[in-house]
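Below are the chains, spelled out letter by letter.
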Amino acid sequence: MENNYTEKTNPRHSEAVVEIRHLKKSFGKKEVLSNINMDLFKGENLVVLGKSGQGKSVTIKCIVALLLQDEGSLKVLGEEVKDLKEDDLKKLRTKVGFLFQSAALYDSMTVRENLEFPLTRVLRMTDKEKIRESIEEVLEGVGLLNAIDTMPSDLSGGMRKRIGLARTLILKPEIMLYDEPTTGLDPITSREISELILQMQKKYHTSSVIITHDIACAQITADRMLVMNDGTFIAEGTYVELENSPDKLVSSFFK
Amino acid sequence: MTASIRKGFEEVGNQVVFMGGFFKNSFRRGFEWNEFIRQCFIIGYKSFSLVGITGFILGFVFTLQSEPTLKAFGAESFVPSMVAISMIREIGPVIIALICAGKISSSIGAELGSMKVSEQIDAIEVSGANPMQYLVVTRILACTIMIPLLTLMADALSLVGGWVASNINGQFTFLLYFNKAFSALTFSDLITAVIKTVFFGIAIGFVGCYKGYNSNRGTESVGVAANSAVVNASLWIIFLDAIAVQLTSVFAYS
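Protein sequences appear in the order of chains A and B.
The first sequence begins at 239 in my numbering and counts up by one.
The second sequence begins at 57 in my numbering and counts up by one.
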């Protein structure tokens, strides 16, 4: 599987922005990731498909060092994540955006303050006019400029996801990690979010990993797909290739 | 048995690391002044009425309860001194700190716990910002400053409460009552009490932040964080008070 997909995919792409080799992660005695090998190539949308509890979210949390791997190598933009010092890790994190399943908007702040937060704390921007311009630009991108002074509690699930996406994109990351971006949304809103992911990838030229079990989202967003089961990848290919896979477990996602 | 001892040591170790993180981040560039002032407002101003009423009633009740006993000895003129010394040295700081542990430590524990559950703390961390600096440093420092101020206010109101209670029978003028109260107090009474409340403030803020920041992922853990924040902060206050009383009896009143 590992040799097969690296040989198969490398020629299609120039540069891997995330390289994962033999990644293992356990919680207590439970092994969640048994042997993860994965490349994310520049400019592509990689969808990771799998049932709940198979280790998909753990994998992307390892990429941003929210969780540390037990074994294996994990390079992001050429840097081994586990060897980075605190300040270097912070710098790397500014280049990697993460959209949480719950959107994780800061409850006590308005949408404007949510978007200001990374600008003033991470980029240390002080010019109020530039901050306002950046916020309005990114909100316009996700189609929610009119929600600028709303509290997160007054937003619907889809709107929260859009604002979460805007807050992540405001730092102009090179890599985007989406953790179940359409979970809990109705089919129409799910489709809108999936299309938005695609638009944002084109606009900001990001490379993305999209964790999902929503096949409609995968169909819209995927350039390449990996299927995860029991802490390892069991199949890799385009949407059409996997849809016609002889493996029953793989093809069951498409029914 | 061995596992629970190990768990206890791990907990102590984690708390020491967390405290180290607080000190380290307190001196980092980019102190969160706005959030610090907001927390001072939430912790101080919004506890004002609860602490004020409690202080007033403490002095009032304490006077009503002790007056008959002192009267039996013909020593009712000692009421203001007794109320002042006991309220300022001991009852005021401890009772107000315990009330603040219930109100402030639990609310910090629940707030940070729910931020943890809803992945807001993770979101701050992955954005490259510093959640310790924004959430923890501001709250602990706000508690450290506001708890002594609240206690001083409660002490003052407890003396007013004591005067109101002894004046029910029209025995003391305001001036006489406060003259007697202040003549019994020394400067070291106030200083040691304030130093003690500074440590109570650190304990209240620290325990609330630690329990909330390190809560588990489920929604149940928000309640657990709030509850254990109150229990642990209260225990810390009693423990610190015992140490403070020992130290002051050796150094200040010997």
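No wet-lab data here; the hints were simulated from the structure.
The beta carbon of each residue, even a glycine, is placed where N, CA and C say it ideally should be.
Among the hints, a few may not be true.
[What the hints assert, rightly or not] To give an idea of the chain A side of the interface with chain B (calculated C-beta under 8 Å), a few residues: (1) F336; (2) S340; (3) R370.
[Unchecked claim] According to the in silico footprint, chain A covers these stretches of chain B (three or more CB under 8 Å from chain A): (4) 210-216; (5) 289-296.
Status of each hint after checking the structure:
no., hint, verdict
1, F336, "holds (4 Å)"
2, S340, "holds (5 Å)"
3, R370, "violated (17 Å)"
4, 210-216, "violated (count 0)"
5, 289-296, "violated (count 0)"
Hint check: violations occur at hints 3, 4 and 5; the rest are consistent with the structure.
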